[in-house]
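Student: Chains as they are written, first to last, in the working numbering: chain A, 64 to 182; chain B, 4 to 115.
Worth flagging that the hints you see were computed from the coordinates, not collected in a lab. Be careful, since some hints might not be right.
To be verified - Pairwise CB distance ranges, derived in the manner of DEER restraints:
1. A/L182 x B/P79: 42 to 48 Å
2. A/K66 x B/Q110: 26 to 32 Å
3. B/Y16 x A/M90: 34 to 40 Å
4. B/Q45 x A/L182: 38 to 44 Å
5. B/D70 x A/D89: 38 to 44 Å
6. B/P115 x A/T180: 47 to 53 Å
7. A/K81 x B/Q45: 26 to 32 Å
8. B/P79 x A/S143: 47 to 53 Å
9. B/T32 x A/S145: 29 to 35 Å
10. B/N22 x A/L104: 40 to 46 Å
11. B/I11 x A/S143: 21 to 27 Å
Quick reminder that beta carbons are idealized off the backbone N, C-alpha and C, glycines included.
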Amino acid sequence: DVKVTQSSRYLVKRTGEKVFLECVQDMDHENMFWYRQDPGLGLRLIYFSYDVKMKEKGDIPEGYSVSREKKERFSLILESASTNQTSMYLCASNVIRTSSGRPNTDTQYFGPGTRLTVL
Amino acid sequence: LAKTTQPISMDSYEGQEVNITCSHNNIATNDYITWYQQFPSQGPRFIIQGYKTKVTNEVASLFIPADRKSSTLSLPRVSLSDTAVYYCLVVDRGSTLGRLYFGRGTQLTVWP
């Protein structure tokens, strides 16, 4: 089974702190994603990465940065946490192509989420 | 980018069949209809995908009419453990970037 793990389930930080959220996947997936989920808004994509050291902005990148130094690890960084970044953060990964060579862009595997509270 | 519309919430009782309809009027030729399920305090998980007609697996069935402008996720004989948020997505399988666009989903609550 694919396993996506996130460094913390719950995190409490203060305004202005630098926050690191870590995500690790064990299936050698090329693509990795960071979402945030808020009540009534569904999942919104923050950043994604399709290769080591590559990153692309999602729909709400402001206030965030990411790092992908190794294929299995994708980090989300809040340079200076603010109260409006209190949210559930979800990491996901998927593989570009199946063994048959066909694109497989649908099945994303999600981690359990990190509930971040910024005071 | 195909936008999907689905009910915000639905209620059911144990043992009943639940049908959640999703509309996607602007679906493109390369798009597949995909459903994810999310339990409280967990990330979403893929449950079923189809292109046209009917697809069935151990979890659900997916019905897609010929015009593909809507689809229906069918959960047979639901139990309390099926209480979750269900997301309908259209996915461009021709893309290699792997982006998914999640809406607000449908909160299904199953009562005893």
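Student: Next, verify each hint and record whether it holds.
Tutor: Structure-based check of each hint:
Restraint check, A/L182 to B/P79: a C-beta distance of roughly 46 Å satisfies the suggested window 42 to 48 Å. Between A/K66 and B/Q110 the C-beta distance comes to about 27 Å, which sits within the given range of 26 to 32 Å. Judged by the Cβ atoms, the range 34 to 40 Å given for B/Y16 and A/M90 holds: they are separated by roughly 38 Å. Checked against the hint of 38 to 44 Å, the C-beta distance between B/Q45 and A/L182 comes to roughly 25 Å, which is inconsistent with it.
One distance hint, 38 to 44 Å for the beta-carbon pair B/D70 and A/D89, holds here, with the actual separation near 41 Å. Our hint of 47 to 53 Å for B/P115 and A/T180 is violated, since their Cβ atoms are close to 33 Å apart. In this structure the hint that A/K81 and B/Q45 lie 26 to 32 Å apart at CB holds, the actual value being about 27 Å. Checked against the hint of 47 to 53 Å, the C-beta distance between B/P79 and A/S143 comes to roughly 50 Å, which is consistent with it.
A hinted range of 29 to 35 Å for the beta carbons of B/T32 and A/S145 is inconsistent with their spacing of about 42 Å. Evaluation of the 40 to 46 Å hint for B/N22 and A/L104 yields a failure: the beta carbon distance comes to about 25 Å. About 34 Å separates the C-beta atoms of B/I11 and A/S143, a value inconsistent with the hinted range of 21 to 27 Å.
Of the numbered hints given earlier, the model fails hints 4, 6, 9, 10, 11; all others are met.
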